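Undergrad: Sequence:
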Amino acid sequence: MQKDLHVRIFVKTLSVAHSPDADDIFMYYAIKFGWVDTGNVCFDNIALDIETLNVEALKTTYDISAISFALYPKIRNDYALLRTAVSFGEGYGPKLVKKKESTLKRNFKVALSGTHTTNALLFKIAYPEARIVYKNFLEIEHAVLSGEVDAGVLIHESILDFSDTLVVERELWDIWKELTPNKELPLPLGGMALRRSMPLLQAIHCEKTLIKAVDVAHTHQQLLSKMLLERNLVRVDDATLKTYLGLYANAHSIEMNDLQYEAIDTLFELGYQHGFYDQSIKAKDYLIPHEYEALRMR
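Numbering-wise (my numbering), the sequence shown opens with residue 339 and increments by one.
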């Protein structure tokens with residue numbers, strides 16, 4: 339008599355935290371919609387504003403989390419830097435805005451999206467005397483319009499659509515270029531990090547799954563965008579979403595290249611030179627070693 343064979347499959351649930359802005363939603367939802375095989379891992383996602391994500395990363399709250407690149411040196415001992423789901427600016431980026439006809443004093447009051455963000459790091463280097471308040475990125479435009487602050491740095495989709503009573507005082511891209519003379523580097527904004535306590539083979543599997551998700555999302559951008567819009571999962575219209583994804587969730591988001599690593603290293607070096615970090619580090623030294631998987635298969 340043949341007995342039934344029962345195979346027990348253990349499914350590990352891992353937390354993935356990302357921001358609610360359109361590029362993060364877009365890059366993750368190929369997994370949410372079931373377009374990518376995640377194997378024996380189940381991803382439980384949560385969307386939070388970027389500074390909340392940065393603060394939670396300092397507390398190692400989530401297994402995998404979106405972060406500002408400027409935060410990474412402070413969490414390097416707890417998180418590995420992922421190769422995928424990255425956002426860089428190339429000729430564009432966050433914008434410092436003010437009311438028309440206004441003049442900013444040296445110690446002007448400004449609203450930033452968080453102390454650990456890349457835009458905050460660059461802003462502090464460029465404007466050391468400014469008085470900074472921190473707000474959720476969705477509240478910054480109103481803070482400028484109401485007169486609560488003299489200026490604010492807009493990020494995410496806000497850079498594409500803001501009140502015509504505001505003008506751009508300075509592009510953060512221009513600050514980046516001034517701080518990196520004689521270099522042609524993209525501006526590192528946001529990336530992903532994975533908790534180091536995760537078993538290495540599982541970490542490799544998770545990173546490969548996320549790389550696949552971003553690749554699938556990019557390949558099927560039109561269909562995925564349509565589904566996100568129909569379900570009201572993004573805050574913008576079709577035309578704005580297409581523009582925004584072209585900026586921050588494009589072919590260069592799938593897996594980082596050498597120029598992007600150089601840009602991150604340059605950001606880390608700038609932060610170290612200006613006293614924000616205890617040492618200057620190299621991004622590639624903090625990646626998940628994929629070669630381990632091949633060694634295990636021998």
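Hints were generated in silico from the structure; no laboratory data involved.
Predicted model, so just to flag it, every value in this text is computed and none were measured.
Hints may contain errors.
[As the list claims (entries may be wrong)] List time: in silico EDC-like cross-link candidates among lysine to aspartate or glutamate, alpha-carbon distance up to 20 Å:
| # | residue 1 | residue 2 |
| --- | --- | --- |
| 1 | 462 | 568 |
| 2 | 462 | 576 |
| 3 | 436 | 375 |
| 4 | 443 | 507 |
| 5 | 436 | 382 |
| 6 | 436 | 522 |
| 7 | 473 | 499 |
| 8 | 447 | 428 |
| 9 | 622 | 603 |
| 10 | 462 | 616 |
[To be verified] What follows is a set of in silico ranges between Cβ atoms, one per label pair, in the way DEER data are often shown:
| # | residue 1 | residue 2 | range |
| --- | --- | --- | --- |
| 11 | 564 | 444 | 44 to 52 Å |
| 12 | 445 | 558 | 43 to 51 Å |
| 13 | 430 | 396 | 47 to 55 Å |
We put the beta carbon where it would ideally sit given N, CA and C, even for glycine.
Undergrad: If you test the structure against every hint from before, which numbers come out violated?
TA: 1, 2, 3, 5, 6, 8 and 13
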